[in-house]
Every structure is written in structure tokens, then in C-alpha cells.
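Residue-level listing of the chains:
Number of protein chains: 4
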Amino acid sequence: MTIGFIGLGNMGTPMAQNLIKAGYHLQVYNRTIAKADELEQASITKCNTPAEAAANVQFVVSMLSEDEILKEAVSGENGLLHTFPKGGVHISMSTISPETSQLLSGLHEQAGSHYIAAPVFGRPEAAAAKKLFVCTSGAALHKAAAQPILEALGQSVTDFGEDAGAANVLKIAGNFMIIASLELMAEAFTLAEKNGLDRVAVANFFGSTLFNAPIYQNYGKLIANKQYQPVGFKARLGLKDARLAIKLSQTSHTPMPLAMLAHNRLLTAVAKGGGDNDWVEAFGKGVTDDAGI
Amino acid sequence: MTIGFIGLGNMGTPMAQNLIKAGYHLQVYNRTIAKADELEQASITKCNTPAEAAANVQFVVSMLSEDEILKEAVSGENGLLHTFPKGGVHISMSTISPETSQLLSGLHEQAGSHYIAAPVFGRPEAAAAKKLFVCTSGAALHKAAAQPILEALGQSVTDFGEDAGAANVLKIAGNFMIIASLELMAEAFTLAEKNGLDRVAVANFFGSTLFNAPIYQNYGKLIANKQYQPVGFKARLGLKDARLAIKLSQTSHTPMPLAMLAHNRLLTAVAKGGGDNDWVEAFGKGVTDDAGI
Amino acid sequence: MTIGFIGLGNMGTPMAQNLIKAGYHLQVYNRTIAKADELEQASITKCNTPAEAAANVQFVVSMLSEDEILKEAVSGENGLLHTFPKGGVHISMSTISPETSQLLSGLHEQAGSHYIAAPVFGRPEAAAAKKLFVCTSGAALHKAAAQPILEALGQSVTDFGEDAGAANVLKIAGNFMIIASLELMAEAFTLAEKNGLDRVAVANFFGSTLFNAPIYQNYGKLIANKQYQPVGFKARLGLKDARLAIKLSQTSHTPMPLAMLAHNRLLTAVAKGGGDNDWVEAFGKGVTDDAGI
Amino acid sequence: MTIGFIGLGNMGTPMAQNLIKAGYHLQVYNRTIAKADELEQASITKCNTPAEAAANVQFVVSMLSEDEILKEAVSGENGLLHTFPKGGVHISMSTISPETSQLLSGLHEQAGSHYIAAPVFGRPEAAAAKKLFVCTSGAALHKAAAQPILEALGQSVTDFGEDAGAANVLKIAGNFMIIASLELMAEAFTLAEKNGLDRVAVANFFGSTLFNAPIYQNYGKLIANKQYQPVGFKARLGLKDARLAIKLSQTSHTPMPLAMLAHNRLLTAVAKGGGDNDWVEAFGKGVTDDAGI
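Chains as they are written, first to last, in the working numbering: chain Z, 845 to 1137; chain P, 845 to 1137; chain X, 845 to 1137; chain E, 845 to 1137.
In case anyone wonders, no lab produced these hints; they're calculated from the structure. One should not assume that every hint holds.
No copy is singled out in the list; a pair is fine if it fits within one copy or between any two copies.
[Said to hold, decoys possible] With a cut-off of at most 25 Å between alpha-carbon atoms, the simulated SDA-like pairs for lysine to any residue come out as follows: (1) 1065 with 1053; (2) 1084 with 911; (3) 879 with 854; (4) 1084 with 1121; (5) 1084 with 1137; (6) 1091 with 1132; (7) 974 with 1045; (8) 1084 with 946; (9) 1065 with 1096; (10) 1065 with 1075; (11) 1091 with 1040; (12) 1084 with 1053; (13) 1065 with 1006.
Here chain Z stands alone, though its shape is the one from the complex (with noise of 0.2 Å):
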């Protein structure tokens, strides 16, 4: 079965790697297509533009870095709906707003096809592994067609409704809550570092038993040791996905001051000149620096 494919970043070319052994065969997409050179090139079709990747195709995957770089993807000059067969349903895996998800709902229904929303949670190690969290939102029957391809790329798919929108939020709120998770290690392991502790066995105490989650264990792993290489998720994406759960706070009038605090940490890393390096610097150094240490 052959399936469109767009945007070969950190992520998606470990998830269409994944594809591929499920035994897909890819049109793809990139903006640098040099990227696909990294896939099997028996079991892809380099296209050109998103439109090529979408032709003749009953479902396309897109894993884009943001809203805008989507819209174009989907309705620009050379968007995917040109050539999307009537019928077709277009699995969107981007942390996007819901807004977006909701608005390229419409155009596809418009154009005669579908979109669900299928963001994921994960870094490349986990897409690679094929242990990413899915989230999904739209029509059930799509979301059901698409199931074997989502099963294909992570250890779970769970469904947050009918409303495009609603795994984007997910997404947004997912993670807001690692942000400030860090922000939450940051200022204790530094805190107990300040009073004389060794803040890797305070982190290996809380990972081991109050907080024996992945994002504790895995993130207070790298706060702890002050290890900020190699960069991981950069400062400047996560201060994107923090940007958008500062517009759904005010969209939905939800005040979150600790959603703020999490955003200002990586603005602040940007602004110094960090945006490139790990987000998880942003806020272990970001703290430690305050602190004078």
C-alpha cells in the first residue's frame, strides 16, 4: 500500500522508517528532499512538492515544525489538496494549534476529503523505537481507517473525540506539563544543591519513588548532572509549543501563571542567545544562573 508521506525533520524520518518496514511504500515529501536519502529508496518515491506526495494516495502522514508551515503544506500553491483523491484522509501528527487542525478540517471536508489529528508524544529515540504516545481527534471512521498506520508508528493510539482540535490541545497541555516539570526540578535539585546536597542523589530518590515517571527519571537524569549535550529538542521549538499554550490560555480564557513562568524560562534562553541549544538548559541553567552557581 502506498502512502503519502511530508516532512522528513528529527521525527518523521524514524516514523517513515517505520512505515517502511510495516511494509508501506512512500511518496515523500520534504522541503530539503536530501533528507530521504536516509530511507530504504526501494520503498519511496521522492516528490517535490506536497501535492505529488498526495496523488493517487488514500492517506497521507504530515509531521511539519508548525501552523504555518502546515497551511501551506495543505492549501499553499502546491498544498496537498490539489491532488488529494475524494475520499482520502489526511493523518496531521504536528504539535499545531487547534485551531489550525480545525480550520484544514473544514478545507478538507470542503475539497471531498478528510483530516484527523494524530500529534505524538516522544523525542526521535522513542519515534525510532516505536514507542511514541499517539493522540487522536476527529471523525471516528477515519480515525478507525488509520488505525493500523498509527499502530505502526507508536505503542499506543489514544482518542480524545470527535472535534479535530481536541488532540492538539492534548498536545498543547502534555506539554506545558513538561515544561513545567523542569522548571519544578530545576528549582528543587538546585535548591538542595544550594543547601548542600548532591542534587544527582535527590533526583535518583524522587525518580525512584514519588516521581518513578519517564519525564522525572529521563529529564532529572540530564537537571541533575547539569548535562545539556547533546541537544535533544531545541530551546527555540520548545518555546514555539510554549507560545501555544500561551494563545490557548488567553483563547479560552484560562489563566495559567505557571504556564507563563515555564514560557518566559525558554524566552529568556532564546534571548541570550540558547535557542539552538536543549530546552532542558533552558531551565537547569536558567535556574543554576540565577542562583549563582
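Starting from the known structure of chain Z, arrange chains P, X and E on it as the hints suggest.
Chains P, X and E alone, transformed into the frame defined by chain Z:
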């Protein structure tokens, strides 16, 4: 073996019960001694003062609600230092400042006895189930001597070094991590709700994936369901703990904006008359109220 | 001399009246044109579109409530650019983002006309009394041409340079300074009240000594007296201005924790249903509510 | 007339000079008595203890740096209560907590003497120029008796009632208002700068219009010019004052998020080693550093 036990509050009572189960006879002191009626009478001797409770024993366990009350129980008119035998070890399990532990440690040494800090994580149910996490600090020799008693009280004992106050720092850092997590969940779930999602589904998703740790699972359920009864831990006690974190932040020159934010959520709840309500309500209802829900 | 005038809101109406007093004839446009009945009829020509208002005049003054509405009035279907004579100068007095001013400036230049930003400080009473503080930016030549009109509207005209958006930045910074001052006073007076002082006496003292400036004297009186009627400026409009500050903070990479805090106070008021109440109430009542008064 | 004078710091010295100019003879005490060499020698008697300074006088003025030092000077081993004549009035001008004033007022009454609080606003230059704003609280009779002395020290005396601590509350609230204003200006001017405006022009505009008050004019100039030398008031002393505000916020159950924010700015400066720098730098440089300037 007979040991002294001071403080029969929500935590102290189940802890005393576990010591009795482990075979210890207790000389118990509590401000309102009627609380001792809940204990197996054959296994206790009721005392009128901390000094009585500490007479002729090698160990005293204390579990009191705040620094000043503990100081009074140690060095006040009827304090335990008047009677505690030379070489005795005071196992101080209250949530107090490291400064108080350091002060009391010195007073014990002057009197020829010893002091170790052994604060715990866990609510009264955990205390009853012997599921507490015990954290220790103080002289190695005395911690070793106290080990069997501590093992009778919790599921693990983790050491943080020789400085008498170290375990108190850890405990304060941990309490901060908990209240910050309450704020974090309250904001995330409310954002989701105001954007049309089911907050219980959101809590379930995160509690079974990225945040599958007790703090997020147990408190997450309460916050998602807006269930603030029965009262497990009063907001005014939570505020006391938050104040310990603020104080430590100040004395150690560790700026902690998130601690300030969480502190203010509790302060607001207390100011509005909710000091005797559950601390989870301070966050859960605090955030939904501000969001107009 | 005839000039175009677009926007007869709380601010626009008294401004139009002052222009009439200064001898100008106005081609007025307002979405609900009935508002024009408040003006001296002999001195106005009612128009059905912005394009009509801008026909055959050398100057157009606009005073609208937000960026999108202004953009529509300029370049929409019936926008002024369709008729505005070459060489004309659009004096844009709304509170908008600098980005919008820069965009509109470019559109005017393309069309052969010109654009200057001239936002103002002052409430409707100040507008009526010709006591506005006008801030300008744009090309020197066009600002010079507009000077007599601006002098008919305010007590001073201060220039901030050639970048079309500069005065908008200044205006947004000033609005931030005002809302931050409201928070500041609300906290200070409430602290005083909860410690037994008379908040009016406190406001009087500071308003006549260290803080003897209009913002602290006028708003200070309202906050001290908890007097939130009549509504001078709606919380929802204040929130719009706060959002402009947040946006500018984001785009220019300027972390502004105090702006976030003040923004959230307004967002909370709007979320709770107080969007049509005075913005001072958002701060005054927001703080006393949290303090349990 | 001879009066006691305790505390020859940056503020105390010019105040003592004004009392001498007004014709008073002073029995002065200072921890390092060499500071008394700056005073007119014919008009003073150097004392070795607070008790000596308070012997045989009807009034004692004290101006010390913190609560504990004042308490020691009153009721310590060589405290003034040992010698202060019955009926004497202690004019306590330090920036201290209301709690301390209430405590000391009680001790004086027990000893047969009296205590009024009379903290001041103004920097050393203002003290030298007799331009301080004096705020009083305490028993009316004793305030009346002290009036001539207070008038020799400042440009106005404003009363806040009979509760001994009331003027201290006012002083703490005022200091909070000042530091919050520093944060406010630092954020506003930096936002302007990062968007291309001249921050000095911005400060000048606001300082001569909406914010034409001394706090905004004088500190505004320093912040706009990033001029943090010479040191007028040390960040570590500003932090002490901010801590008094936080403490009062806690004890009176008044949530003050802005006070927390301003406190943390000072705490950050001190943590980074800037405790002896000017407090304006903590805000001015704190904000520009975070903005990457």
C-alpha cells in the same frame, strides 16, 4: 524494648501502631493524651511530658507539626533533654527546617545524647501501611542504630549524609515538588476542560504514560474529578511547608519563582477561609475559579 | 479644510468634536453611523464606508478598537486605499501593534499615500478636554504636515522617530506601565488594609509624595475606595492591550514576568465574566478577593 | 536640649546633623563610634552603649539597619531600657517589621517609658536636605511630644494611627511600591529598546507625563541610562526590605505575586554576587540580561 514516642497526630498515630506491631513498648506523649486511647494499651505507657517519655530509653521518636513545638518538646521546661539518657538517639521525623535540626543536634550533643533527622514522605494511609519513604541525615553511627526502628515504619530508608539538616532540606524540596505538581496538573486539566476535553480522560492518559508516578496518578485523579473530600492534608499545613521552602530559598539564595507561585496559591486558599480544606483544593479549585468554571 | 475621520467610539467622538472646534469639516465614518448624531451636523458629512471618508481629502484620522478592524478599514473591500488621494496622510491613532503600522505604512506607500502612527494616552475625559498626550512616528515630512491636527487633539505631541511602528511600541509599553501600576497599588493597599491601616490614607500619602503622578493619584483613589463604577475602560479592552504587550514581548524576545502577571489578572477577570467591568476592578477586586476581603 | 541618638549609618548621620543644626545636643551611640567624627564635636557626647545614650534624656532617636539590631539596642545587655528615664519617648525610625514595633512598644511600657514608630522615605541626600517624608504611629500624646524633633528631620510628618506598628506597615508597603516600580520601568524600557526605541526618550516621556513623580523620574533616569554607580542603596538591604514585605504578606494572608517577583529579582542579584551593588542594578541589569542585551 521500650522507646519514647512524642506526637500522636494523623501521622504519628499509625506510626506508633507500627512500632507496637514490631514489638516495641512505647512511652507516649501527646499534648492531648486522649489520642493515646487509639493505641494498644498493653503496649504503651502514657506520659505527661516529653521528659517523661524520654526517661530511661535509648531512642525517642518525635513526629510533631512544626519547628517551635519540636523545640519546646526538646529544650522547653518539660523538654526531653532533662531526662534523656546519655548516648540516647532522638529520631526526629517532623517536617521542619534544616536550621532547627542543626540547632537541636547541637543541643543534644551538649547534653551527651544524639539527634538524627528522619522525615518521611507519605500520607496517613501510607504510614498505616508501612509504605512511608524515610529520608535520613546525621551521624552514621546513630543512623545505623536507628535503622531497625525506621524499617518498622516505612518501605525504604534513604540517606542524605552527615549534616543533621540534610534530610529536612530533601523533605522540603520534595514537598515543593508536590505542590508544584498540583499547580501543574490543575492548570493543564483546566486548559483541557476549557477547550472541550474531558479532564478525567486527560488525567488518565498522562497518569498512564509520561507521568505514571504516584504523585500524578493519585493527586491527578482528585484534581481531575474536582474531588476535595475527605481532607487528607489541610491547606494551612501545606502553607506551612510552602513557607519552609520560601525560607530556605531566601537563606540559601536560590530564586524559586515556581515555589512562590505555589505558595501564593495556598496563601490565597487560606486567606479565603479554606485553611482547613484539603490542600489539593487550594490548587484545583484555585485554578478553576480563576478560569471562571 | 475637510478631513476624513474614521471611528466614533468613546475616544473618537470627543476627538472629532475637538477637530470640529478647531475649524475642520469632517467626512465621518463609523460602523454604526448613528453615533455621528452627537457631532455638530453642519460640520460633518456622514459616510457609508472608509473609502467615502477618505475621498478628496489630504488627511484621514482613524481611531479604531483593534488591528483587524483598522486593516479592514484600510485595505478591505471598502477600505480607504481605494479612494485616498496620492500624497494624502493617514494619521493612525488606534492602539495597535507596531507590526500592523509597518504593514499599513507599506500599503500606503505602494498606493502613493502616507501613513503615520499617532497613538494617544488619556481617557475619554482627557480627549474631551484636549488633554491627550500624543506620540508619533513615521516620516518627518508627514508628521510635520499632520502637526496642526494633532495639536488640536492633545496637550503635547512627542515624537519617537521614523519607524512607523515606534509610537505603537511606546503606547503598548505605556499601557503595560499602567496595568502594572494597578497591580502594584492593589497589592500595596490591600497589604496595608489587612494590617489594620486605612487604604485611602495610604493612597493619599503616596499620591501626594513619592508617587504624585496622575496614574497613582487617579487610579489610586479608585483602588483605595474600591470604586469600580462607572466603567471608564472595559477589562476586555485592557486585556486586548495586555495581549499586545505579551505579543511584543514574544516577538522581540523580551521576557516580561510582570507583564505576564498583569495580563493574567485581566484574563482572570474576563474569564470570571467581568469583561465589561472596569479594568481597575480586575486588579482592585482581584487582589482583595484573593486576600479574602 | 539633649537627646539620645543611636545609629550613624548612611541615613543616621545626616539626620543627626540636622538635629544638631536645629539646636539639639546629642548623646550618640554607634557600633563603630569613629563615625561620630563626622559630626560637630561640640554638639555631641560620644557614648559606648545604647544605655549611655539614653541616660538622662527625654527622647531617644534610633536609626538602625534591622530588627535584631534594634531589639538588642533596646533590651540587650547594654540596651537603652536599662537607663532610659520613666516618661521618655523612643522615636524609632528604622525600617523594621510592625511586629518588632509592637513588641518593643510593650517593653517600653513595662519599663515606664514610651515608643513611637517614625520610619522615613528618602535616600541619604534627602535626609541631608531635610526632605524626608516621616510616617508615624503610636500613642497620640507621645507623637505630639516628638513632633518638633521629627519636623527637624523631614519635609512632612504623616500619621497612621495609634497602633505602634502601623507606620512600619506603611513603610514596608512603600518600599514594595518602589521595587515594583523598578521592575516595571526595567521591563517597559527594555521592551522599548528591543523594539528599536531610545530608552532614555521613553523614560523622559513617561517621567514628564503620566508618571511625573519622583520615583519614576529619578529611578527612571538611572534605569534608562543603565547607570548603576554610585551605589545609593545596596541590593542586599533592598532584599532585606523585600523580605519584610514577603513576611507581612504571609502573616497577614495577603497574596502578593508582584512582591514575590520583585523579591526574586533582588534575591537573584544577591545570589549572583551583586549584593553590594545598587538595588536599581538588580532590576535594570536583571531585565536586560534576561533579554540578551
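Hint check:
1. 1065 with 1053: both (14 Å within a copy, 18 Å between copies)
2. 1084 with 911: The answer is both: 10 Å in one copy and 23 Å across copies each meet 25 Å.
3. 879 with 854: Within one copy only: 10 Å inside, 57 Å across.
4. 1084 with 1121: within (14 Å within a copy, 33 Å between copies)
5. 1084 with 1137: between (28 Å within a copy, 21 Å between copies)
6. 1091 with 1132: between (28 Å within a copy, 18 Å between copies)
7. 974 with 1045: between (31 Å within a copy, 23 Å between copies)
8. 1084 with 946: both (19 Å within a copy, 24 Å between copies)
9. 1065 with 1096: between (35 Å within a copy, 23 Å between copies)
10. 1065 with 1075: within (15 Å within a copy, 34 Å between copies)
11. 1091 with 1040: between (40 Å within a copy, 16 Å between copies)
12. 1084 with 1053: Result: close only across copies, 23 Å inter versus 32 Å intra.
13. 1065 with 1006: Classified as between; 24 Å across copies, 38 Å inside a copy.
Comparing the model with each numbered hint stated earlier shows that all of them hold.
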